[in-house]
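Residue numbers (this note's numbering), protein chains in the order written: chain X, -9 to 397; chain E, 22 to 236.
By construction, these hints were calculated from the structure, which means they are not laboratory data.
Heads up, some of the hints might be wrong.
[Said to hold, decoys possible] Below, in silico cross-link-like pairs of lysine-lysine (BS3-like), each with a Cα-Cα straight-line distance of 30 Å or less:
#: 1; chain 1: E; residue 1: K186; chain 2: X; residue 2: K310
#: 2; chain 1: X; residue 1: K380; chain 2: E; residue 2: K198
#: 3; chain 1: X; residue 1: K380; chain 2: X; residue 2: K88
#: 4; chain 1: X; residue 1: K244; chain 2: X; residue 2: K88
#: 5; chain 1: X; residue 1: K310; chain 2: X; residue 2: K76
#: 6; chain 1: X; residue 1: K244; chain 2: X; residue 2: K310
#: 7; chain 1: X; residue 1: K248; chain 2: X; residue 2: K76
#: 8; chain 1: E; residue 1: K186; chain 2: E; residue 2: K198
#: 9; chain 1: E; residue 1: K53; chain 2: E; residue 2: K92
#: 10; chain 1: X; residue 1: K76; chain 2: X; residue 2: K88
#: 11; chain 1: X; residue 1: K88; chain 2: X; residue 2: K75
#: 12; chain 1: X; residue 1: K380; chain 2: E; residue 2: K53
#: 13; chain 1: X; residue 1: K121; chain 2: X; residue 2: K75
#: 14; chain 1: X; residue 1: K310; chain 2: E; residue 2: K92
#: 15; chain 1: X; residue 1: K88; chain 2: E; residue 2: K92
[To be verified] Some chain X residues judged to face chain E by a derived CB distance under 10 Å, without partners named:
#: 16; residue: A306
#: 17; residue: T322
#: 18; residue: R333
#: 19; residue: A341
#: 20; residue: R345
#: 21; residue: S347
#: 22; residue: F348
#: 23; residue: E350
#: 24; residue: E366
#: 25; residue: V371
#: 26; residue: L375
#: 27; residue: G379
On a predicted model such as this, the values are computed, not experimentally measured, just so you know.
Using N, Cα and C, we set each Cβ at its ideal position, and we do this for glycine too.
Below, each chain spelled out in residue letters.
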Amino acid sequence: MVHVLPLNGAVTRGEGLQEADRPTSQVAVFGADRPLQLDNGVALSPFQIAYQTYGALNADRSNAVLVCHALTGDQHVANVHPVTKKSGWWETLIGPGKPIDTERYFVICSNVVGGCMGSTGPASIDPKSGKPWGLEFPVITIRDMVRAQAMLLDHLGIDTLFACVGGSMGGMQVLQWAASYPQRVFAALPIACATRHSAQNIAFHEVGRQAIMADPEWRGGRYHLEGTNPRRGLAVARMGAHITYLSDAALHRKFGRKFQDRENPTFSFDADFEVESYLRHQGSSFVERFDANSYLYLTRAMDYFDLAADAGGVLANAFKGAPTRFCVISFTSDWLFPTSESRAIVHALNASSARVSFAEIVTDKGHDAFLLDEPEMFAIVRGFLDGAGKARGLARGLARGVKAPAS
Amino acid sequence: MSNLTAANIERNAGGNRVDLVLIADMVERGVKVLDVGCGDGELLSLLGDTRDVDGRGIELSREGVNACVAKGLAVIQGDADTDLADYPDDAFDYVILSQTIQATRHPRIVLEHMLRIGRRAIVSFPNFGHWTVRAQLMFAGHMPQTDILPYSWYDTPNIHHCTIKDFRTLCSEIGVKMERAVALNAWGSPLRLNAPWWFWNLFGEQAVFLLSRRD
C-alpha cells in the first residue's frame, strides 16, 4: 500500500519517492557556478548527485572504484536499501574480502542524473518553478550521466579511477567513461552491455514507455502535481522489461507451467500461473521505489547511446589511444545484450590496440546473471582487478591513509 | 585449441615446458606479444615473469580464457582462423602460435596474418616427419599416435599436420624470413645446430621457428 505524502502543498509523492528530495545518502550539490552541460544543449543548474561510498581512499588517492548502476538500480550498491530494506544490489560482489574488496578499494556509487534516488531528475523539484520537473526536465544521455559522475569525482578530489565497473546501463557508462575520460580510468569492467542500444532493445523500451504514458494517471507527466501515480503503467513496463532480463530456460526452471496456490485453472484472468504472479509482484514492488518519469528518461538515455556514432561511425576510434585496460564479460543466455555485442566491443578495442580481456560465462540466468551469484564472474573480476592493482602499484590488504573525503 | 599436446611435453627443472622456455628465449625484453591459442596462459605468464612483456592472448576454449583472465592476463575468447583479421597491422612486436598451427583450418592465412599483425612470428609445432611417426605409418600401417600426438585419427583436433620440411616450404612460398629455428628431440633437448635439415626432419619431435617479414 502506498501512502501519498503531501509535499510543497500540491505535490504528492509515493512513499519511496521521498528519496528523490531527501536521499538517505551523501549528496554533492553543484551550484550555479558549476552547471552540468548536457548533450541536448541545456546547462542543468543547480543540480545534485546522491552517492554512497565504502572503504577508505588511500593517501595517493589511487584506489577509487566507481560502480555504475543499471536502469533501475541506484547508489545503494552494498548497503541495505532505505526503501526496500533489502541488501545492496551488488553485495555479492562488493564488500570486505569480496572481489571488489572494500578493505582495499574506495568504492563510490552514485545515483545517475535523471534518477529518482536523490540525484537531480524529473521527480526533483525544479528550483525555478518550485514544482517537480516532470517532462520539463531535459532529456539526458549516458554521456551526461558520466559528465555528472566526473564532476562528482572532482568534488571528491579524485583525479583517476583505479577502476570503473558496471553492468547493463552501468556497462554503457563504463564504456562512455573510457571514451570520454581515457586518462581518468585505469581499468574498465563493462559487463553484459553494448556500445549501442539495438533496435530490439529500443523497441522493448518503447513498449514500456507507452505503457506508462497510456496510464490515465500519468497525466502528461504531471502526476506529482495532480496527486495521481501511474502505478499500473509503470508496473506493466517493469513486467515487460523483467522478461527480457531472464531467459526462456530460467523461466522454465523457476516456474514451468506451475499454478499459483491452486490445483486447477480458475477459467478467469486471475494470476493462475506462478510466472504471472511473479511478474505482478515484480511490477507492484517496483512502483514503490521508482518514479515513472525517471523510467522514461533513463530508458531514453539508453536508446540514444551509440559510441560509434559519436566517433564518426568507427567504434575503434572511440577508444583510440586509450591507456585503459579492459575486461569485458558477457553471459551465454543474455539475449538483451548478447555475447555478439560484447564481441563488437572487443574487436573495437583490439583494433585500437587497447589491453583487453574478454570472458563469456555459461549460465541460463539471462541478462540478470550479472547481478546474481556467478562464481566464475567473481573469480574473473577478482583476477582482473588483482592484475590491474599490481600494474597500478596498489598495495595489497587494507587501504590506509585519508578517510573518505567530506562532501 | 592450443596446448593440445601440453600434458606430454617435457618440462625443465624449473617446471616449465621446454618448448615454451625456448620460445621465451626468442622474445626480446619489454616487447608487445600476442599469443594465439594461449591455453591456460602458461606462456603468457612465463613471458610476463621472465621477459617483462606486455602480453595478450586469444584462446578458443572458454575454460582456458576464464582461467587466464582470473590470473590477471589479458586474454580474449576467439578463433585464430577468424579473429586475426580484426587486428590492425603492426599491432604487436611478436605474434606466437604455440602447438596450434596444425589445428587451424587455414594455416597459411593464419601465418600471413601473424606477420601482418606482428613484426615477428614464432611458430612451434609437432613434426610429422619424426621417425617414430614415419615408422608407425610405414611398419604398423596405422595413423601415428605418439606422446605429443596422442589422438586417434577420428577425434583429433589436428587437421593440418606438417613436417619441418613442409613448414620451411610454406615459409619460402609466402616470402617469410626464417631468423632462427630449433628442433627438439624426444627428450626435449635441442638438436645440433649444424645438423642438416633432413636430420632435423627425421629426429626433431617438435620445432620452433622465429620468423620475420622479408622486406
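Here is what the structure says about each hint:
no.	hint	result
1	E:K186 x X:K310	violated (42 Å)
2	X:K380 x E:K198	violated (38 Å)
3	X:K380 x X:K88	holds (17 Å)
4	X:K244 x X:K88	holds (28 Å)
5	X:K310 x X:K76	violated (41 Å)
6	X:K244 x X:K310	violated (44 Å)
7	X:K248 x X:K76	holds (27 Å)
8	E:K186 x E:K198	holds (15 Å)
9	E:K53 x E:K92	holds (19 Å)
10	X:K76 x X:K88	holds (19 Å)
11	X:K88 x X:K75	holds (21 Å)
12	X:K380 x E:K53	holds (18 Å)
13	X:K121 x X:K75	holds (29 Å)
14	X:K310 x E:K92	holds (26 Å)
15	X:K88 x E:K92	holds (16 Å)
16	A306	holds (8 Å)
17	T322	holds (9 Å)
18	R333	holds (8 Å)
19	A341	holds (6 Å)
20	R345	holds (5 Å)
21	S347	holds (4 Å)
22	F348	holds (4 Å)
23	E350	holds (6 Å)
24	E366	holds (6 Å)
25	V371	holds (9 Å)
26	L375	holds (8 Å)
27	G379	holds (9 Å)
The structure fails hints 1, 2, 5 and 6 (numbered hints given earlier, in ascending order).
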